[in-house]
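Number of protein chains: 2
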Amino acid sequence: MGDPAGIGPEVIMKTLASPAIRGLAVFVIAGDKNVIGQAASIAGISAEELAFHPDPGPRTSGLELKEKCINVIDPGPELDDMAPGRPTDAGARKSLACIDLAIHLVRDAQNDTPKAIVTAPVCKEAIANIHPGFVGHTEYLQEAFSVKFVTMAMVGERFSVIPVTRHIPIKDVASSLSVDLISGTLEQVIQNRSVISGKDDPRISVAALNPHSGEGGKIGKEENDIIRPAVERAKAVYGPVEGPISADVVFYRALKKDTDIVVSMYHDQGLAPFKMVEFDTGVNMTLGLGHVRTSPDHGTAFDIAGKGVAGTESMQNAVKLAVRAITNR
Amino acid sequence: MGDPAGIGPEVIMKTLASPAIRGLAVFVIAGDKNVIGQAASIAGISAEELAFHPDPGPRTSGLELKEKCINVIDPGPELDDMAPGRPTDAGARKSLACIDLAIHLVRDAQNDTPKAIVTAPVCKEAIANIHPGFVGHTEYLQEAFSVKFVTMAMVGERFSVIPVTRHIPIKDVASSLSVDLISGTLEQVIQNRSVISGKDDPRISVAALNPHSGEGGKIGKEENDIIRPAVERAKAVYGPVEGPISADVVFYRALKKDTDIVVSMYHDQGLAPFKMVEFDTGVNMTLGLGHVRTSPDHGTAFDIAGKGVAGTESMQNAVKLAVRAITNR
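Chains as they are written, first to last, in our numbering: chain H, 787 to 1115; chain R, 787 to 1115.
Please note: incorrect hints may appear among the correct ones.
If chains are identical, the list can't say which one is meant, so a pair holds when it fits in one copy or spans any two.
Stated by the list, open to error - As a list, the in silico SDA-like pairs of lysine to any residue whose alpha-carbon atoms are at most 25 Å apart:
(1) 1043 with 1085
(2) 910 with 998
(3) 1043 with 944
(4) 1004 with 882
(5) 1042 with 1067
(6) 910 with 814
(7) 957 with 1007
Read the hints as simulated data drawn from the structure, not as lab findings.
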């Protein structure tokens, strides 16, 4: 559900109001039943289309989902006084309980049905207040699924970007890079290349770190010392990997569709060009969890919550990408 | 003329083949007469349209330009064996002599006619071989015009970008920034805002250095310590300056035309998004020289030189911008 005071509930229900989307999978919302009920009415979804279930507890085998309905499980406790746009501690606590429920349903289910998590935006600061150390879905899921190394993929309609380093200061970027880190990222990108790109054999381009790709070592050594060896290692596994390529060239090629996936060395190098053209459409996908997790690439947007004006393209794409990842459709 | 073996001569002559462009100003090419003659025939410009002049020497007062013609001054010596796509030392030497001539014509002319330099691409490495220390037009012109501080503006059709730091390794970016450097850059941007944007009161946005604009200091201190004070100082001079703004937001706004000019903290932060959409159209303009200098934003493209296929949009825009800068047209 995301933060109950944000646009999460609304974009979820508006997205699920589409019969085409509903036909893709059986949907289960981990959310507050009142908040979801209100969002359903904003989205024009009738009460008959919703199926409420009790929290299945440690065993999920008793859960009988209704395939034609939007299934809603409320992990409790009920929220009082929720107003759109006004985040509260209780709301943050509930959004975290919903994440826990989603993890539980995917991780501990006693059946073989393929499952994916699509998260809606939470208020990181508010959750950190009640759960110290919370920095975001990605890291929380990484811990829940007990994996050492995950990669953030930003999947767009035009091209996709995977940053090797994420939320660190620019001054620490160069010293954080290593052949192993870039290789590990490329490995997960290569494994997930078809899901990310929707193609069997996408072209993967690796951005340089320094201006003009270091100009032969004159503007930095990392291209030769770190990036090139990692690219060579990746090429041995999957041919269509190239790089390092100047950042001011590689995104031009990506927009022209001369390449499909760009691996960037740091956050803004990839996300500034990506969000310039995919702000409303991009999807955040976590690679390496052992389970599929996607998310729209926008925040809680408290300023427009409850007004019925939130756009759903990014959430629609997040749902479609999750379905593609588990079904190869 | 740029490097005689590159696409410079061809894009110059193709650009000047347009009557609309020719009507904007009196054009003088500092170039090799044979190379320019060949480029003229590729561009469909007849011999009668060209007016060759001898090098005017230290005094420029004897130079009588023909307004209806394309004036060509060859600083000598004549080039033998020039072949498109094959850079030579002699060609590099000649391209440098042409820059010197252009500087001389603009700096030392004994009349009040407004003048501008439009440069064509040179081979930096080849010039550095015969003139050690040459790193590019910008620095060479800075020295020739005896100015301490210049700024590189990338002027596009959609938006423009001015990087505060340029050709330095990423590891040195954070430590190279200071309130004074950003303020000095903003000062030149504010002075030249109308030329850059084509508007009287463009909006100027300053990018953050770190991901998510430093998230309130959690991902870097430079936003609060360095960028914000510089933005406040600039705002006191010119109101519509805002920042710091996350790089993954500011270029989205620029493409939507919610802002006109983005000041970026480093090369790729600005140039990756800029060249993604302005690769064929962007113009490089040097601010702070005391004279107007523009340049197309592409290289010598030796691989396609002499084939008649080089695009001219960037050179056309460079000429138009130079004219706008000296005439306010």
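Comparing the hints with the structure gives:
When the C-alpha separation of residue 1043 and residue 1085 is checked against a cutoff of 25 Å, the pair qualifies only between copies, where the shortest distance is 22 Å, while the shortest distance within a copy is 28 Å. In this assembly of identical chains, residue 910 and residue 998 lie within 25 Å of each other by CA distance solely across copies; the values are 13 Å between and 36 Å within a copy. Within a single copy, residue 1043 and residue 944 get their C-alpha atoms as close as 7 Å, and across copies as close as 21 Å, so both meet the 25 Å cut-off. With identical chains, the CA atoms of residue 1004 and residue 882 are at most 25 Å apart between copies only, with a shortest distance of 22 Å across copies and 49 Å within one.
Proximity of residue 1042 and residue 1067 under a CA criterion of 25 Å is satisfied in both settings, with 18 Å inside one chain copy and 15 Å between copies. In this assembly of identical chains, the alpha carbons of residue 910 and residue 814 lie at most 25 Å apart only when taken from the same copy (23 Å versus 61 Å across copies). Taking the closest pair of Cα atoms, residue 957 and residue 1007 come within 25 Å of each other both inside a single copy (16 Å) and across two copies (10 Å).
Hint compliance for this structure: every hint is met.
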